[in-house]
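Position chains S and A against the provided structure of chain G, taking the given hints into account.
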Amino acid sequence: MFTVFKTILGRDLTLAMRRKTDILTTFFFFVIVISIFPLGVGFDKAMLQKMAPGIAWIAALLASMIALERLFASDYEDGTLEQMLLSHQPLIIIVLAKVFAHWLLTGLPLVLIAPLAGLQYHLSGDEVGIMMLTLLLGTPILSLLGAIGAALTLGLRGGGVLISVLILPLYVPILIYGAGAVSTSMEAGSNVQAYLLLLGAFLILALFFTPWATAAALRIASE
Amino acid sequence: MKINWFKYSAPSNFYPVIGKLIPFFMFFAIVLSIGGLYWGFFQTPDVLSDQKQYYRIIFIHVPAAWMSMWLYAVMVGWAVIGLIFNTRLSYMMAAAIAPTGAMFTFLSLWTGAFWGKTSWGTYWDWDPRMTSELMLLFVYIGYMALQSAIDDTRRADQAAAILSLVGLVMLPIIYFSINCPNPAECSSLHQGSSTQQIETNILWAMLVMTIAFWAYAFAVIFMRVRNIILQRERHTKWLQNLTGVKA
Amino acid sequence: MILKIQNLSCRRGDRLLFENLDFQIQSGELLFIEGHNGCGKTTLLKTLVTLRRPDAGVVLWDKQSIFKLADEYRQNLVWLGHYNGLKGDLTALENLRIASVLNGIDASEEALWDALKTIGLYGFEDLPTTVLSQGQKRRAALSYLLLTKAPLWILDEPFSALDVRAVDMLQAIIAGHVEQGGMVILTTHQEVPLTSGQVKRLKLAA
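Chains as they are written, first to last, in the working numbering: chain G, 1 to 223; chain S, 1001 to 1247; chain A, 2001 to 2206.
No lab work stands behind these hints, which were simulated from the structure alone.
Note that the Cβ used here is the ideal one computed from N, Cα and C, for glycine as well.
Watch out, some of these pointers could steer you wrong.
[Said to hold, decoys possible] Here are some, though not all, of the chain S residues that point toward chain G, as calculated from beta-carbon distances under 8 angstroms:
(1) Thr1122
(2) Gly1142
(3) Ile1162
Pulled out of the complex, with its shape left as it was, chain G reads as follows:
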């Protein structure tokens, strides 16, 4: 079982390395969105500080969603998804490996670039730390939940827009607690631990339950 996980993970990482533009596009999408926001809302320092958590998180939501469209699409088009569905290895492990690879390629870079957003929005070191921590806990949930949407919309015309309609409402809790933790950390004497614990709990729940839904959706899509 672990061999399968490792093989699929390695496969998706190799594929991404041979076609780097896909990863870089998501990465720069995130950077560009957070960079143009101040141009629209103004450069007032206090306001930017206040808006930073929400903007960073919404940019992360959108970036993760854009990347999700390709999660299963190319495997669906060339028939390798059929081969995965028919392997007698547990489909859930395969799904987890693919989602993990996807997160390593699109979620983790967002966590690492978060300090840049901190600079642009005048956040303190501690606040940047909290933001990175929430993104570290939250972006895997986005990938796990989003995988359901990606599987449901596989091979459909305009699948990308459809994913956003299906999945964005479901991202609401992650957005509230992810951005909420950073906002709270700006107040003196605040306690962000509760937010982080809750995000952690969501992550565990998502790890256990979403792969089932994704696997079921993949089987339906390949009929």
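Same frame as chain G, but now just chains S and A:
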């Protein structure tokens, strides 16, 4: 008398039966709405004061909000039955419920906005209930969008069923998170519904309106499900015999 | 080992493709599925490999439903569909290695190279499959047949895009598998000469 329920899981048997039921439900929907609204608008006391007649929108607003949630639960119920027993009619029911559910969700938001404008001075506030009702509307829209985006009916039915199930799990979490954006302060939750404190007259009028909405929902959903049957079963013999049209 | 189909009905969209289909296939048999385009050949094959659920009827593998057996049934199965199931950015060798792992075959590097050599991809093992010709891609996909020990092969138009020599070779591979007690179900317009074993035909009428 013993009724064989499975007999009615075949579209060919279900179609004529609900055709006969639609007029009854329509009749009850109209009579009860007129009765309920008359009762609510003219026969209930002015609980607050003469200037605050606007509270009477409650007779549409609250039943609509209830319906939006119940219909979602019923829709998921049919979707799950479809996933388990692979019965086509269950999926058709689920698909027929979604637009009515979305309509009630929209109605409760719309009436809520007007109520909000008169009592709070604003059409929209990011109140937990309003926000989660808005999310419910988005989930309904997602369900219908997915259903209509897939050409193959079976895949459309099953995919939408999965989505509705995921929505069912997520909606309480969404409600909880909007209700309690700061987890450190979550011990004091939003005040519960206060049906006990309401004047019984008002409560009864609301209940009559709820039954009227149910009757309306049954009538419209049955009409819609008959349309879906007509479309999906157009190649079958029983339907061609019934309508005399060859597809 | 017997694969038994009883009362099978499938619909595509709102249209009934076939109904009340009955047949069976056992060790040492080759089954051709025939019929014109759009009569449901591929739908039938997809049902037999558990990719698609039938609208009515059952498919039994040794008296148990293949959908209940699920992974246990899939162990016995090889499926080659319209698509080759190759990643264009990976080499033939990498593709074959992944296919082996997915199906729990513990193939050595040597065995992988040998399979590709036998199938006629000598010298092309290390190229991304996207630069290969259609016929070579098909060969790369078929190379997996040389590694697998699964008894039941279900192949959808396996001869398409192959040149004469490759067709001969695939015929020999299929015949060899049937002679060793395997079973093959395929759709094709190509005849497969067998020295032993039984050939069955199933005609789907729309």
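Quiz item: So which of those numbered hints doesn't the model satisfy?
Solution: Hint check: 1 fails alone, others pass.
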